[in-house]
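J.: Those protein sequence lines, which keep their order, are chains A and B. Using the working numbering, the first residue of the first sequence is number 37, and each one after it goes up by one. Using the working numbering, the first residue of the second sequence is number 37, and each one after it goes up by one.
Do not rely on the hints blindly, as some may be mistaken.
Note: identical chains are not told apart, hence a pair may lie in one copy or across any two.
[Said to hold, decoys possible] Under the rule of at most 27 Å between Cα atoms (straight-line distance), these lysine-lysine pairs were calculated in the DSS-like manner:
#1 Lys-183 x Lys-260
#2 Lys-260 x Lys-217
#3 Lys-260 x Lys-105
#4 Lys-260 x Lys-222
Calculated directly from the structure, the hints in this document are not laboratory data.
Spelled out, the chains give:
Number of protein chains: 2
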Amino acid sequence: MHLGPGAEPAPLVAIAVDMVIFTVTERGLAVLLRRRHEAPFAGYWTLPGGFLSDHESPEAGAERVLADKIGVHGLYAEQLYTFGRPDRDPRGRVVSIGFFALMPWNRAAPLAGEAHGTAWHSVDTLAPLGFDHATIIGMARQRLVAKLAYSTIALQLMPQRFTLSQLQSVYESIMGEALDKRNFRKWVCSLGCIEATDETYRAGSHRPARLYRVKHPGEVRIIK
Amino acid sequence: MHLGPGAEPAPLVAIAVDMVIFTVTERGLAVLLRRRHEAPFAGYWTLPGGFLSDHESPEAGAERVLADKIGVHGLYAEQLYTFGRPDRDPRGRVVSIGFFALMPWNRAAPLAGEAHGTAWHSVDTLAPLGFDHATIIGMARQRLVAKLAYSTIALQLMPQRFTLSQLQSVYESIMGEALDKRNFRKWVCSLGCIEATDETYRAGSHRPARLYRVKHPGEVRIIK
DNA sequence: CCAAAAGTGTTGGGCTTACACCCATGG
DNA sequence: CCATGGGTGTAAGCCCAACACTTTTGG
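Construct the entire structure; sequences and hints are all you get.
T.: Shown next, in the form of C-alpha cells:
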C-alpha cells in the first residue's frame, strides 16, 4: 500500500479471524474444533477461522465465519485479542484477530460430526493443536471465567428455557468448583435478568423443575 | 499472499499500532496526542502510532512506537482492541491494533512541546480527532476505569516515590469522584503492594507527607 | 415405599462505609 | 498564631457464606 507522499510503504499482511466457540456439555466446558486437511498442520485440530475479506470489519468477518463455516447465526461473540507473532503461521505473515463466542448446548449437537469435520473437545483434554490456537483458547477461557463473575454472560450458553439447576451446573463447569444451591438461586434471581415461566421440566423420577427464561435475550449486563 | 494449493489468496492489509498514553496532570486524566502534518487529517490531533513492520509482533511494534516516536522506554502497556472498519482510513485498508499505556506524571512533562509535535490533552475536552481515534481513546478510558477497581494498575502512573494523597488524587481523577481519606488509606495499604519509605515530602506550609514506593515495580496485581 | 433431584430461610461474621479531630510545618 | 494539608480509629449496617430438611415425582 502506498500511504502518501514521503511515506514508506507499509508492510502488508493477511488478517485471519479465529473463533473460540464454547459450549457446555455433560462432560463440561467444550470448544468447537475443526480438523485440518491442508498444510500446514494437516491432520491437526484447529479453531474455525478464515481470512478477513476486503471491505469487511473484524466483527463482520467473525459473523461470516460463524455462518459460512459453522452454519450458525446470532451467537454471542466478542473480540478477544489479536495474535501477531511473526512466526505464528509457517506460510507467512498472518495476524489473527481472536474472537470468543458462546453457543447454547441445545444448538451444539448438530454441528459436530464428519459432515462438517468439526467436533466438540473438552477444554481439559485438548490434543496438540495447530498454530498458536492452544494459546488463544487459553486466553478465551480466562476471559470466560472472569466475565462469569461480573456479567450475565453465562445466560448466552442457555437454551430458551432452562432450569436453575442447569444454570448452576453451567457455572460450576466453567469455574471448576461447586456452588451452594440456595445461595446461587438467591444471587441469580436477584440480578433481575431471568424470569420464571409457568412451565416445568420432568427429567426423571423426582420432582419436576420450574423452567426459566432470559428477560432480554442477547443482552449481557455488567453486574456490581 | 499465496496460502497453498487450492486456497484463494487472502486480501492483504496494512497493520497500524496506535497508542493511547495516559498520564494524570493537575488538570486530571490526560492523553498524549500528536498533531498531524500529513494528509489525511492534516492539522488534526491523532494518537501516536505507526505501521507494524515485518517480523514484528504487535507488542514489539507498540514498544517501538513508544521508543521511536515518543522517546520513552519501559512504560506499562497492554493490548486494548483491534479496530478494522473498512472505511476507517481514507488511504485504504488499515487495521489498527490499539494499545493503552500509562506514564508516571513526572516523566510526562518533557514529552510535550513543539519539538515533538506532541501535547497532553485533558480527556474531558478533546478537540475532534483524526481517524477513529476518539473511539479508541473512549475505549481505553473505559478499560482504565474498570481496571482501577480490580487491579493495582494505578501504581503504574506514580513516580518512584509518592505520597498517599497523591495516589488518592490519581484515583479520584480517573474515577471522577471523591474518596474518603481514611478508608482509601486502609484499603490501599491492605493490598500489600506499596511500602513506606523513611523519607518525607515537604510541599507547603503544613505537615510533610510520608513517601511510599511500589514493592514490585512493573507488576500489576489483580485484586479480589 | 423408596430414590432422586427440586425447592426453600436464617444466622453469624467479616467487610465496607460513614464520620471528626489532632499534628506538623511555613509564613 | 494561623492556615494548610497530613495523619489516625471506631461503630453501625450490609452483604456473603454456611448450613438441613421438606416436596414432588417415577418406578
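J.: Now tell me, hint by hint, if it's right for this structure.
T.: Quick rundown of the hints versus the structure:
1. Within a single copy, Lys-183 and Lys-260 get their C-alpha atoms as close as 12 Å, and across copies as close as 14 Å, so both meet the 27 Å cut-off.
2. Taking CA atoms no more than 27 Å apart as the test, Lys-260 paired with Lys-217 passes in both settings, with 21 Å inside one copy and 23 Å between copies.
3. Taking the shortest alpha-carbon separations for Lys-260 and Lys-105, neither the intra-copy value of 37 Å nor the inter-copy value of 40 Å comes in at or below 27 Å.
4. Taking the shortest alpha-carbon separations for Lys-260 and Lys-222, both the intra-copy value of 15 Å and the inter-copy value of 22 Å come in at or below 27 Å.
Hint 3 from the earlier list is the only one contradicted by this structure; the remaining hints agree with it.
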